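Using the sequences and the accompanying hints, generate a full structural model.
Protein chains in written order, with the numbering used here: chain A, 1 to 285; chain B, 1 to 307; chain C, 1 to 370.
Don't read these hints as lab results, they were simulated from the structure. Keep in mind it's a predicted model, so treat the numbers as computed, not measured. Some clues are possibly wrong.
Unchecked claim - SDA-like mimics (lysine to any residue), calculated; alpha carbons at most 20 Å apart, straight line:
hint: 1; chain 1: A; residue 1: 109; chain 2: A; residue 2: 174
hint: 2; chain 1: A; residue 1: 111; chain 2: B; residue 2: 21
hint: 3; chain 1: A; residue 1: 284; chain 2: B; residue 2: 301
hint: 4; chain 1: B; residue 1: 107; chain 2: A; residue 2: 6
hint: 5; chain 1: A; residue 1: 109; chain 2: C; residue 2: 68
hint: 6; chain 1: A; residue 1: 109; chain 2: A; residue 2: 190
hint: 7; chain 1: C; residue 1: 13; chain 2: A; residue 2: 172
hint: 8; chain 1: B; residue 1: 302; chain 2: A; residue 2: 173
Now for the letters of each chain:
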Amino acid sequence: MLTTSPIERILRGLAITLVCLFFMFPIVWIFLMSFQTNETILRIPPSVVFAPTLDNYQALITGKLETAAGMLEINFMRNLGNSLFLSATSVAIGLLLGVPAAYAFARLKFKGSEDIAFTLLSFRFAPPLLVLLPLTIYFQQLGLANTYGGLIWVYQLIVLPLILWIVRGYFEDIPADIEYAYRIAGHDFWSTFRRIALPLAGPGIAAAGLLSFIFAWNNFVFALVLASADKQPVTVGALAFVTASGIQYGQVAAGIVLSIAPTFALALYAQRYLVEGLSLGAVKG
Amino acid sequence: MTTAMTGQPRPRRFRVSRRVLPYLLSLPALLTCIGILIPFGTAVIYSLQRYRLSQPWARKFNWGENYFNFLSDSAFWNTLKVSVVYAGLTVVLELLLGLGIALLLQKRSRVNNFVSIMLLMPLMTAPALAALMWKLMTNPGFGILSYFATLIGLEDFNWASDPSTAMLTVVIVDIWVYTPFIMILLLAGLRSLPQQPFEAAALDGVPRLFVFWRITLPMLTPFLLTATLFRVIESIQQFDIIYAMTQGGPGDRLTVFQVEAYLNFFQSTNVGRSAALLMILWAITYALSNIFIKNWLRLREKQRGEA
Amino acid sequence: MTISLKNIEKSFKTDTVLDGVSLSVDTGETLVLFGPSGAGKTVLLRLIAGVIEPEAGEIWVNGVNMDGVEPEDRGIGMAFQNFALFPHMDAFANIASPLTARRQSKSVMRQTVDQVAKLLKIDHVLHHKPKELSNGQKQRTALARALAAQPSILLLDDPLRNVDAKLRFEMRLELPRLLKDQNATVIYVTQDYKEAMALGHRIAVMSNHGIQQIGTPEDIYLRPANIEIARLFGDPVINLLSVRPERGANGVVVNLSDTPIEMAAGFEATIGTDCVLGLRPEALHFVPEGTPGAIPVEVETETPLNEKTVTLALTARKREIMVSRPAGSPGPSRGRAYLLVDAGQALLFDRESGARIAPSTHNGLQEDVA
Chain A
1 MLTTSPIERI
11 LRGLAITLVC
21 LFFMFPIVWI
31 FLMSFQTNET
41 ILRIPPSVVF
51 APTLDNYQAL
61 ITGKLETAAG
71 MLEINFMRNL
81 GNSLFLSATS
91 VAIGLLLGVP
101 AAYAFARLKF
111 KGSEDIAFTL
121 LSFRFAPPLL
131 VLLPLTIYFQ
141 QLGLANTYGG
151 LIWVYQLIVL
161 PLILWIVRGY
171 FEDIPADIEY
181 AYRIAGHDFW
191 STFRRIALPL
201 AGPGIAAAGL
211 LSFIFAWNNF
221 VFALVLASAD
231 KQPVTVGALA
241 FVTASGIQYG
251 QVAAGIVLSI
261 APTFALALYA
271 QRYLVEGLSL
281 GAVKG
Chain B
1 MTTAMTGQPR
11 PRRFRVSRRV
21 LPYLLSLPAL
31 LTCIGILIPF
41 GTAVIYSLQR
51 YRLSQPWARK
61 FNWGENYFNF
71 LSDSAFWNTL
81 KVSVVYAGLT
91 VVLELLLGLG
101 IALLLQKRSR
111 VNNFVSIMLL
121 MPLMTAPALA
131 ALMWKLMTNP
141 GFGILSYFAT
151 LIGLEDFNWA
161 SDPSTAMLTV
171 VIVDIWVYTP
181 FIMILLLAGL
191 RSLPQQPFEA
201 AALDGVPRLF
211 VFWRITLPML
221 TPFLLTATLF
231 RVIESIQQFD
241 IIYAMTQGGP
251 GDRLTVFQVE
261 AYLNFFQSTN
271 VGRSAALLMI
281 LWAITYALSN
291 IFIKNWLRLR
301 EKQRGEA
Chain C
1 MTISLKNIEK
11 SFKTDTVLDG
21 VSLSVDTGET
31 LVLFGPSGAG
41 KTVLLRLIAG
51 VIEPEAGEIW
61 VNGVNMDGVE
71 PEDRGIGMAF
81 QNFALFPHMD
91 AFANIASPLT
101 ARRQSKSVMR
111 QTVDQVAKLL
121 KIDHVLHHKP
131 KELSNGQKQR
141 TALARALAAQ
151 PSILLLDDPL
161 RNVDAKLRFE
171 MRLELPRLLK
181 DQNATVIYVT
191 QDYKEAMALG
201 HRIAVMSNHG
211 IQQIGTPEDI
221 YLRPANIEIA
231 RLFGDPVINL
241 LSVRPERGAN
251 GVVVNLSDTP
261 IEMAAGFEAT
271 IGTDCVLGLR
281 PEALHFVPEG
291 TPGAIPVEVE
301 TETPLNEKTV
311 TLALTARKRE
321 IMVSRPAGSP
331 GPSRGRAYLL
341 VDAGQALLFD
351 RESGARIAPS
361 THNGLQEDVA
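Below you can see the structure in the form of structure tokens.
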């Protein structure tokens, strides 16, 4: 094995520390800020010594924000709820639509299957506004403007390609003979799909679900264009919140912490599958 | 075996034919997405029209005029320049940084694994929220980065609100969010490389720099290419970070394609120009994504073959 | 229960795998499909099982055309070369899967699975998942699954390929009895000629996208249709020597190392043509010096195998010849020795086409009369 000199080890350690500092610092700083009052935030020079307070979180949860201009009602919890509802429903529908399609693409090489799969994949790379801007006009006409249904439909653009391509890879990894054996044993196509293909691709389906949830949660532009305040998820809501809350920066920080916590938790839980998900199934982690 | 079992072929029940089945399974997903293709067609039509939301009566086809006008439109050239500079800067810097970090963390150890998981956090942060975090950090009143700037003698360093440093600021945010993406892909690539060439080189005492250039880098090329193309395609379309941070400002400093198109549509209500801008962006990303998909497929085949 | 295939054609993309294959198997018969890998044996089984479809041709099972009949409705049992066990189910559930499909009651299912498992000596591992089973146990589980529903048609795709030599030997002895008890029509795929000879009532030799010869094991061994088949059967492989038959004093002779060897009657037509003489190693015998018709050879090496001893010898023209004799019987030491050919077992092939030349019995009879 390569021997490493002490100097090299120190340099490596230093480099890793710097990297961690750069990438972790903003998160830590915002996290600390969320427990501070405006006075401690505005101190110069800043200090890490302060009496932590839960006021910011309390204000967010009750929806009553005290600002210099008086009492302000901002329903940030509603944004959180919207994020949760939009992401969860989109993923559920995405799985319902995407998993059978992924199976068809993986197992039943039918005419045009590759072309269709790639068309779906290419949606992933098209500029979202190209579709969104005309869609605002259509949604007005269809009565889908500012509805959860409309948003969930459009969210399929994020969710479906991801699910399709990851789950397809997992289906392809199941030896065809195993499914053949079940068919020959006397089970029809659907029970083979249910009892063999689905359980064996289970981990992949779970991973695709978690990842697409994260992507849906983190989406900004779809809701920015298509949703108004009462339907907006946290990504859009937080932006409005900054301007609305005046100078209660601790509350903004607390809002950010609440908004990023769920994806962090899911990412930690699904980290084994992140590489695969981020590369749309091309690279195995 | 006492149970008499019929081995006779059972009578045919009604069932979906093998030919129809695949379409039946994929149709719902397809229909969902085809609904999206219609607006795409609409966008093509808009881009060929004189169409302002404020003057719906004056809406008519002007064919290539929106595109033709771009030639003499300095705002368009600014958009193109800003987008390319943004994509170029972010991708090159992220690539270098990501490769460096991946090499640092290449060896599997508990510390390295922990660090690589920690580094995923920025990537898991919604880009819009990341921009907001950095906006707070660069706030002239209490932002910690503004404070650091004064510490090193940069008085009135205004980050994103100063035309001269706005690009730098959003690029840093982009780097913060997306470097981990490149890092994690390259790390997976590095760790999947066969070990023999490296062991042989180490036995022969080949200099490590030479090993890096002649063995590591060539073997890592498919991963580098995939990561780069992926990022270029996303970066040239960047909207979230820039919009959340500066809304394209100050002035027209950061009016990249999608931001410019958004502002055209909602502020100046010039639908035609907005659509034409997006069509050009689409053409760029379409060309890139074709190259990308080919390369991505090859990588996928290879990785699945080895699995 | 019969299986009959008529002119089956199958290709994958542009590669032809089967080109006009016809075949029929009778009730209770075990037909072995034998041939090198890539000959299309597995594809043929899958076509019969219905998991893939032919481009052309018909598959009939007991008088019913299988076109459009789904695999689950064909009432077939199949064991795969790679076992294809369901990894998320234990051995019991694996074996019971054909019974669940036939909606058997719990008690019947338990009874049946126990019976098959006992028969195959895996009753002690029924609650293990496939990954906890040894290769031999996996193989037996796969076989048990194929047998569980007592299908009247069994397709066995080289089930002994992936098990160790000892188990393969045991199973080769066990399988014929097992298959006989099932009273099923069996198609058995193998690449091992001994397995083919031991198990098959008939053997179908496959290569070049089709069936080269179908016959009893004895037929295939003693009367191979061509050189290729003659080489596939027998260990050590048949000796093949280029010869040009001539007219001799008592019929046709071929010259080996300037020693004329008298062929059996009926080869008159081959006189003067280019032929290949096929001599099985056991059709050659060492004899003392001076025996009439004996060929002088140099003994190179001697290899004792289980039940026989194989000698590699060189003729005067430096052609290699393999000779086998029962183990323990006396043989030559190194150096000069003499070989006598059992002309009755000698085979003649046309050198160009490779086809075996059958002695014409008609001519032979006439000569006898004369």
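Now the hints, each set against the structure:
1. 109(A) with 174(A): holds, 15 Å
2. 111(A) with 21(B): Roughly 12 Å separates the two Cα atoms, so the pair holds.
3. 284(A) with 301(B): holds, 11 Å
4. 107(B) with 6(A): holds, 17 Å
5. 109(A) with 68(C): Satisfied, since the Cα-Cα distance of roughly 18 Å is no more than 20 Å.
6. 109(A) with 190(A): Measuring from Cα to Cα gives roughly 17 Å; hence the hint holds.
7. 13(C) with 172(A): Cα-Cα ~19 Å, so holds.
8. 302(B) with 173(A): holds, 13 Å
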